[in-house]
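Using the sequences plus the hints, can you model the full thing?
Protein chains in written order, with this note's numbering: chain A, 103 to 249; chain B, 103 to 249; chain C, 2 to 82; chain D, 2 to 82.
It is worth saying that the hints were derived from the structure and are not from the lab. Owing to the predicted nature of the structure, the values given are computational and were not obtained by experimental measurement. Glycine included, each C-beta is placed from N, C-alpha and C at the ideal position.
Which stretches of chain B does chain D cover? Using the computed rule of at least three CB atoms under 8 Å from a CB of chain D, they are:
#	region
1	160 to 169
2	216 to 227
3	233 to 244
Quick list of simulated restraints, FRET-style, between CB atoms:
#	chain 1	residue 1	chain 2	residue 2	range
4	B	Ile132	A	Gly128	33 to 39 Å
5	B	Pro129	A	Ala119	23 to 29 Å
6	B	Ala131	C	Leu26	47 to 53 Å
7	D	Glu17	B	Gly181	41 to 47 Å
8	C	Glu23	B	Phe112	49 to 55 Å
9	C	Glu23	A	Glu198	26 to 32 Å
Each chain is listed here by its residues.
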Amino acid sequence: MDVELLAAPFNPLASLAAWQAGLRNGPAAIAAAEAHFIGRVRPVASDGAPLEALEIEHYPGMSERRIAAISQTLAHQHGVAAVLVRHRVGRIKPGEPIVVVAVAADRRGPALRCCQELLETLKHEAPFWKREWVNGCGQWVAGNTPL
Amino acid sequence: MDVELLAAPFNPLASLAAWQAGLRNGPAAIAAAEAHFIGRVRPVASDGAPLEALEIEHYPGMSERRIAAISQTLAHQHGVAAVLVRHRVGRIKPGEPIVVVAVAADRRGPALRCCQELLETLKHEAPFWKREWVNGCGQWVAGNTPL
Amino acid sequence: MTSGEVRVRLFAGLREEAGWQERSLVHQNGMTATAVWTLLNLGGTTPPATVRVAINHEFAALNTPLANGDEVAFLPPISGG
Amino acid sequence: MTSGEVRVRLFAGLREEAGWQERSLVHQNGMTATAVWTLLNLGGTTPPATVRVAINHEFAALNTPLANGDEVAFLPPISGG
Chain A
103 MDVELLAAPF NPLASLAAWQ AGLRNGPAAI AAAEAHFIGR VRPVASDGAP LEALEIEHYP
163 GMSERRIAAI SQTLAHQHGV AAVLVRHRVG RIKPGEPIVV VAVAADRRGP ALRCCQELLE
223 TLKHEAPFWK REWVNGCGQW VAGNTPL
Chain B
103 MDVELLAAPF NPLASLAAWQ AGLRNGPAAI AAAEAHFIGR VRPVASDGAP LEALEIEHYP
163 GMSERRIAAI SQTLAHQHGV AAVLVRHRVG RIKPGEPIVV VAVAADRRGP ALRCCQELLE
223 TLKHEAPFWK REWVNGCGQW VAGNTPL
Chain C
2 MTSGEVRVRL FAGLREEAGW QERSLVHQNG MTATAVWTLL NLGGTTPPAT VRVAINHEFA
62 ALNTPLANGD EVAFLPPISG G
Chain D
2 MTSGEVRVRL FAGLREEAGW QERSLVHQNG MTATAVWTLL NLGGTTPPAT VRVAINHEFA
62 ALNTPLANGD EVAFLPPISG G
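Right, here's the structure in full:
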């Protein structure tokens with residue numbers, strides 16, 4: 103489980119490259135299937151107004167712990183070899199990456215299913231709260247974007 | 103639709119980086135969700151023997167056309183903004199990438215579902231044939247690996 | 002954290018409505034998250050159904066008894082990823 | 002491609018069993034992939050159920066009439082990705 107919260111902008115492909123390099127030297131070296139997801143900030147708020155920034159508040163300590171636990175549980179359930187999670191916190195500009203999830207497995211089915219379920223579970227089970235900033239005003243987002 | 107067959111080893115993350123750079127300047131610039139899949143050659147043949155190489159024969163002309171048609175149809179069905187496909191042909195060594203599929207969309211659901219369906223459809227509807235080389239002998243693979 | 006106390010944390014909209022993010026309360030035997038909510042005048046006698054409780058960084062039930070030194074947090078609806 | 006002919010292509014295992022990968026046949030009115038299969042002695046009077054046919058790079062039915070200049074291919078079971 104390679105899990106990290108990031109307070110500054112990051113490059114998802116660089117995170118994936120570093121993760122892949124690590125896998126090559128470990129027991130997941132023979133994982134033939136890799137599924138990735140990258141989420142970015144939309145340029146518009148929920149009400150359609152141009153978004154200045156998205157802010158993500160989290161519960162330090164609990165959020166890292168929850169992400170690690172969710173990753174471990176799902177990796178075990180799906181029988182996958184390795185999981186990567188990178189999640190931004192703080193103020194994020196439109197177009198910037200918020201989240202990267204990657205799963206390495208021996209087969210495409212477990213890799214794809216675990217990646218999707220991990221993403222969905224993070225959205226509902228890790229203590230993150232989004233606030234949309236429009237025209238200098240912040241508005242908490244009530245729930246998640248539809249699937 | 104950004105589709106290419108490759109006769110030589112390639113770097114999936116470099117393909118993804120080039121694709122992403124192209125998206126930033128086009129109508130898919132605001133696609134907030136990206137799903138990727140990377141498939142690599144397993145180090146063992148179907149019967150468990152150590153694999154020297156996997157060979158992929160294809161039907162030049164038809165394979166490119168099928169992949170483009172499948173990508174376009176599924177992109178339309180799922181309402182996604184952009185699709186990338188890179189597929190190796192020829193002789194591929196264990197651990198080397200065979201296929202990269204990437205989908206950019208406004209929402210995670212279409213991106214993930216289109217990526218998965220595209221991968222599955224390629225496996226069954228594009229004219230590719232795999233041959234496993236073990237101890238200097240080549241054996242055609244009858245079907246696809248289980249999901 | 003001082004033993005004999007319970008630390009209380011609020012996040013996001015709850016934090017802003019209450020106007021504070023962290024408080025300490027004297028621990029009492031059998032004290033629950035619901036009791037803490039009421040004691041701190043967070044609104045009514047029990048948290049709304051959409052609010053979840055965490056004790057020491059794990060989700061917990063409203064009626065779990067709190068121990069000395071516990072950290073209890075009230076979490077508005079999560080919107081992650 | 003010469004008009005008046007049909008080009009035939011085989012792939013993978015089919016190509017190796019037959020010992021050739023490409024042939025040309027004189028086109029005949031109403032000629033189908035099944036007829037081509039029989040004419041070229043590829044095994045029996047019709048391709049096995051697992052073999053698919055492509056005409057001019059598109060999947061096609063066994064009984065589609067071939068036109069002058071068409072390319073017909075017999076495809077063993079696909080194993081891509």
